[in-house]
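**Student:** Okay, here's what each chain looks like letter by letter:
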Amino acid sequence: MKLSKNFTNPLAANNPVIVQILGICSALAVTVKLEPAFVMGLSVTFVTAFSNLVMSLMRNGVPSRIRIIVQLVVIATLVIVVDQFLRAFMYDVSKQLSVYVGLIITNCIVMGRVEAFALGNKPWDSFVDGVANGLGYAFILVLVAFFRELFGSGTLFGFDVIARFGYVNNSLMLFPPMALIIVGVIIWVHRSINKDLQEK
Amino acid sequence: MAINKNSNAYIIIYTVVMVVIVGALLAFLATSLKDKQAANVLNEKKVSIMKAFGSAEENFDDVVTMGRIVDGAFVEVNKEDKAAVDAMFADLADLKGLTASENEFPIFKYEKDGVTKYVAPMAGKGLWGDIWGYVSLNVVDQKVQISGIVMDHAGETPGLGAEIATEIWQKKFEGKVLYNAEGEFAVRMQKGGAQNDHQVDAITGGTKTCDGVNAMLANSIGKYKSFLDTLTAAVAEDTTSEEQAQEPVAEDVNVEPTKVEEE
Numbered sequence: 001m002k003l004s005k006n007f008t009n010p011l012a013a014n015n016p017v018i019v020q021i022l023g024i025c026s027a028l029a030v031t032v033k034l035e036p037a038f039v040m041g042l043s044v045t046f047v048t049a050f051s052n053l054v055m056s057l058m059r060n061g062v063p064s065r066i067r068i069i070v071q072l073v074v075i076a077t078l079v080i081v082v083d084q085f086l087r088a089f090m091y092d093v094s095k096q097l098s099v100y101v102g103l104i105i106t107n108c109i110v111m112g113r114v115e116a117f118a119l120g121n122k123p124w125d126s127f128v129d130g131v132a133n134g135l136g137y138a139f140i141l142v143l144v145a146f147f148r149e150l151f152g153s154g155t156l157f158g159f160d161v162i163a164r165f166g167y168v169n170n171s172l173m174l175f176p177p178m179a180l181i182i183v184g185v186i187i188w189v190h191r192s193i194n195k196d197l198q199e200k
Numbered sequence: 201m202a203i204n205k206n207s208n209a210y211i212i213i214y215t216v217v218m219v220v221i222v223g224a225l226l227a228f229l230a231t232s233l234k235d236k237q238a239a240n241v242l243n244e245k246k247v248s249i250m251k252a253f254g255s256a257e258e259n260f261d262d263v264v265t266m267g268r269i270v271d272g273a274f275v276e277v278n279k280e281d282k283a284a285v286d287a288m289f290a291d292l293a294d295l296k297g298l299t300a301s302e303n304e305f306p307i308f309k310y311e312k313d314g315v316t317k318y319v320a321p322m323a324g325k326g327l328w329g330d331i332w333g334y335v336s337l338n339v340v341d342q343k344v345q346i347s348g349i350v351m352d353h354a355g356e357t358p359g360l361g362a363e364i365a366t367e368i369w370q371k372k373f374e375g376k377v378l379y380n381a382e383g384e385f386a387v388r389m390q391k392g393g394a395q396n397d398h399q400v401d402a403i404t405g406g407t408k409t410c411d412g413v414n415a416m417l418a419n420s421i422g423k424y425k426s427f428l429d430t431l432t433a434a435v436a437e438d439t440t441s442e443e444q445a446q447e448p449v450a451e452d453v454n455v456e457p458t459k460v461e462e463e
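Respectively, the protein sequence lines represent chains A and B.
Taking the working numbering, the leading residue of the first sequence gets 1, the next gets one more, and so forth.
Taking the working numbering, the leading residue of the second sequence gets 201, the next gets one more, and so forth.
Pairs of lysine-lysine, DSS-like flavour, derived with a Cα cap of 27 Å:
1. B:K372 with A:K33
2. A:K33 with B:K371
3. B:K408 with A:K33
4. B:K372 with A:K95
5. B:K246 with A:K33
6. B:K251 with A:K95
7. A:K95 with B:K236
8. B:K325 with A:K95
9. A:K95 with B:K246
10. B:K251 with A:K33
Ranges between beta-carbon positions, derived for each pair:
11. B:L226 with A:N9: 29 to 35 Å
12. B:I368 with A:G61: 55 to 61 Å
13. B:K236 with A:T155: 25 to 31 Å
Rather than coming from a laboratory, the hints here were simulated on the basis of the structure.
The C-beta atom is built at its ideal place from N, Cα and C for all residues, glycine as well.
Work out the full structure, taking the sequences as your base and the hints as a guide.
**Tutor:** Written as structure tokens, this is what we have:
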């Protein structure tokens, strides 16, 4: 029961991007095309899941005075692992993501979950929490990238979708401000549905 | 005995152990993936070169001869010599440091159906960061032309400067003649549209990137000028000697422009 709530909460009602407004920087930067957004989402999911798991396993031994440093070391290690693997096996995508893979280290979602959840919960719960938060982030990224790629390039995952019907690409969609606007619209829709999120 | 987790000794030991473990792990990972990563980078360069030659479907290793320009002439690089081959693909940014006096720029040669094309690497600066690419050159009617170009960038503005990396814009460079009648390098991205057979339409909103491309073309291709001159002269000689045999009158017409280009 608790576990399933752990999992579903970050996907919608407490989504890290559109409710907590974390990880916006990369959400704006890597959502021009679906493929990099997808890979970025999976990379962040991997990092949040395993940093949560590792920190939860270590939580009783970590000296509280240096816990932030320990968290950073764990997260940075996982990010380097992801970066190295992308460079070796998904070179094209890694080129498109460029610095943003490295910047997962500074993604507030990762450290936020470690600090807020993993340090006080059991490994399995923490792992699930990490996966769910990563997927919540990935979902928004893919959603934004869907609109940006469709209307900015007329394609989806690189396949021609509407360009063949004479659609003229709207290059405004390719600029970061448009990602911000799309995220804003998603937040708007999300809040209209979940009325309890609206401030009085 | 309970351990005091906030004592300095504990913290220091904890950190040291953690860093050693993490360091070993990452070192192992980096070493084991290094070859694969290097192969990716190299393969990308080879694919770019084949794209510049306009024959992306062919395998680089099968059809391309690698060489260096020594005193204005093409000197083949031994394919077995691994260090020399690696140096051919050295980071293009390093080219910026080379001067004409060092005189040994890498060049790639491709021959098919009697047409010989040469690809030279290029490197320069765009608006936000590095730009680089490969340009393919051949001689048509005793004039050096661009037969294909491939460019990429680190972070030009999407939709504006970044358009230089698209095929649409790169196609516009095809058939552009390098040197004008005065023998000056004349290929450039021109604001307001191409005026002659040297110019390429510039990108609206991407002026600074286009300036960078112009500088990159002039600098990078400029390093190969002595080689290109010998190349045109050789082609001109071939043509003149052939035509002399048939029709001696043609001599004047053919020799004149060549001399101008050699100066």
